[in-house]
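Enquirer: Residues per chain, in single letters:
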Amino acid sequence: MAKPIRYVMVIESDKCVGCAACVFACKQENGVPEGFTRDWIEQEVRGVFPQLTMENRSQRCQHCDHPPCVYNCPTGASHIGKGGVTLVDRDWCTGCKACIAACPYDARYLHPEGFVDKCTFCNHRVEVGLEPACVTVCPTNCLHFGDVNDPNSKVRHMVRTRKWRTQKGELGTKPQLYWVESQ
Amino acid sequence: MNELTSTRNNPLIDPNLSIWGADVALYLFLGGLVAGIMVLTGMYFFLRGIKDDTPAFIRNAMLASPILLSLGMFFLFLDLENKWNLFWFYLSFQVTSPMSWGAWILIVIYPVSIAMIVLANRDRWWVNWFPRLAERVAPYWKGIALANVVTGALLGLYTGILLSSFTARPFWNNGVLAPVFLISGISTGAAFMILFHDGSDIREKEELGLMKLGLILSEVVALLLFFSSLLTSAGNQQSSVFLVMGGPYTGVFWVLVIGVGLLLPLLLQSLEILHRIESRFMMPAMVLAGGLALRAIVVHAGQVSQSVAALQEVLP
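As given, the protein sequences belong to chains V and Z, one line each in that order. Per the numbering used here, residue -5 is the first one in the first sequence, and the count goes up by one each step. Per the numbering used here, residue 5 is the first one in the second sequence, and the count goes up by one each step.
Take the hints with a grain of salt, since some may be wrong.
[Stated by the list, open to error] Simulated crosslink set (DSS-like; lysine-lysine; CA at most 30 angstroms straight-line):
#, chain 1, residue 1, chain 2, residue 2
1, V, 76, Z, 87
2, V, 168, V, 9
3, V, 148, V, 9
4, Z, 87, Z, 209
5, V, 21, V, 148
6, Z, 87, V, 21
If you are wondering where the hints come from, they were derived from the structure by calculation, not from laboratory data.
If we strip away everything but chain Z, and leave its shape as in the complex, we get (with noise of 0.2 angstroms):
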């Protein structure tokens, strides 16, 4: 038996990491539900073309992205400690830290963002207000298409890299996070796009479904390899698992996370696909909170993932 103590007290370090909170969660998920939200309307222009039949939920729900990006960056302003020191984070670019990508991602993802909204909202009398902007913006429309899937999928990817790239936290520093952050991400940009549909046209509708259906699918398979994953790293990593399976985090993660998030909307948008029920914001809904509690549970279980390494080392 071994028996560890230490004089060490320091706040916000012992007995367990708790830097980050609900601020950096709520972050992770805004910043994840914009990269969605770019990604899947950079590539819907993209290979669509700017057409003057998009749909209005597309063009409405689009001109929330840089909105929530604001909100989200807010958050992450309040977590800053020395708010005063946030204009370093512009006057230097550190290539080994995600942090310092980030920053400079979040620049680049409002005009790329802004310019898309430009062009697809061109006929609306507040781009009108800027004369001849949007003629002067389309005839770069496929770049910026494509520039918005591009920093949309930085943006969804970096915050997962940024948490893997600490060694230190068994449970963050695991390379498949990353993808799981983007899909799920991708996932609670179409869920919040469907709240913008008004379920009129069928066919818009059900494609909506089934690729609304894909992406909880892929959803699972990235958990599914993110698990596997650490189970099957290293012996700290393998004992971080025990967070949300057996662990404080267990309860949770399988409710909120496995069964809101994932497999009650996998059932209700079947049983919409073989037309038995008819559900409009309850299916978003619950993949919009799936997505918080997964960022929130990642946030505070990889927290103390170094702590549950340590325990069990000392258990017998």
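Bound conformation, chain V alone (with noise of 0.2 angstroms):
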């Protein structure tokens, strides 16, 4: 039997430039409020000059395997919903902010009316069959989208053949970020 769809996102860091694309049109394609981020550019420089390294890294919520967000929302609100992505429903929650508090990504803020937001992994648009809109943009294609229990798919020939990291792996949240470098 075909195991169910798991939607993960595989970035090569060392292509990316850190132009910020992803971000606006994130911030474009989901209404995101002004002065607040579903996805963010992190930047780390290593080494003392001149033997200095750079690494730009797109960074959002990491759709973990184990959510420690969903395990503590005490109304159920936040949900793993279809594909492992997980998800608020916004209905549902009450601002008590307690998956703000469990995620060690911070990945998620409290929209100014009333309710927590985070990255959907675009699900709007997976589900009419369109790539998440920061992947669609990325002008160095270092995000890659699919599912990783399809066979057929680049994701899982990427997991499968190259060397890859996740972030905070160690508190058990099992992260669907998987960072490789580019060949």
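Assembling the complex is the task here: the two chains are given apart, and the hints tell you how they should meet.
Expert: Take a look at the structure:
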């Protein structure tokens, strides 16, 4: 029997130039209020001048397999949706903020209208066969989205053939953003 | 050397998490206080039975528990961002969410604590307003007393379990936090009840003093275990201790929690037991202040503790 759909994102951070097109695309697509963000760019510089290395990372919710935000939600508003994606049902959210405290990636924020909001992997686009907005606009093609359980998917191939790392896996969250080096 | 810059700047999240403030700290304090009153009075009546010579200070102090709990729940209500959705707490039960357990525990507390109040005050006019109420409840006194101990302990423990379940926040992520909160809650509950004692009965006063001394000492032990547990855990938990040992909360923690909340009451109580001094309100007031300070510091320090670990990772 085929495994259920499991959406993941594979990110080639060494191809990322930190242009933040993904951030703007997300804001536009999802109507994220001004001053808030669902995805963001982290830039890490290591070393001492002139021996420096730099990594740009397009960060967002990790859509964990063991999401602490969902486990800590007292009403079930935070839930795991189709494809393993972590979602918030706005009508059930009391704004208690337990999920914000629970998220090790600080990927959630309090929407000015009183509910907690976060990256949805653009589930409204994915449902109609499109890719998330951030993935479609990335000019260097460093973001890859798909079903890791689909034997023919690009992300499955990348996760199977390349070295990857995840972030804060030691916290037991089983994060589903895979960071790989480009070939 | 590492330098990390981020474009994320979400209010209440960056640069440090600051989602929970004074209202949550006040709720934790009042919840612990009520838990303490319930555990102590429940144990008292369970062991001793409901007798007519119950000291007046116990009967008076326990009246406060549903009132203080309601006040605490009001502070909690203030913290909710989407207040109209409050009812969802009571249309669901989430087994993995300590906050969901807490919502239901709070509802159970009311009938349990009010039944105990009715039994202990059955000769008072406002109980006799309701015909035969005390008589109907009386046969179940043992169960009610036990239920007060159990639900009180659950109330005192769950807040600590709630905070300690957040793996994301190293300072909270420690199983000893729940017993620390429970013992501190029982300690503040005892202090609150002693405020109602008029000091006329010397024997009673000495018994109370010994109990208080025991509670303060157990809180010292619980805090020692809390810190030794953090200091022997993963790296991010070790570095989170910096917050109260050298970091921004050091002064307020050592002065208010350790000094005013534990050491001074310990000294005053010891002197009082040795009949060197007479202190009626000072010692309980200090314990209450220390309990409130402990909640406030734990709530604040826990929220910034992830950044401490990140900061120390980045530093050479």
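Enquirer: So, for every hint listed, does it hold in this structure?
Expert: Status of the hints after comparison with the structure:
1. V:76 to Z:87: Answer holds: residue 76 of chain V to residue 87 of chain Z is near 29 angstroms, not above 30 angstroms.
2. V:168 to V:9: Holds, at about 24 angstroms.
3. V:148 to V:9: holds (17 angstroms)
4. Z:87 to Z:209: violated (45 angstroms)
5. V:21 to V:148: holds (26 angstroms)
6. Z:87 to V:21: Given that 30 angstroms is the threshold and the Cα spacing comes to 27 angstroms, the pair holds.
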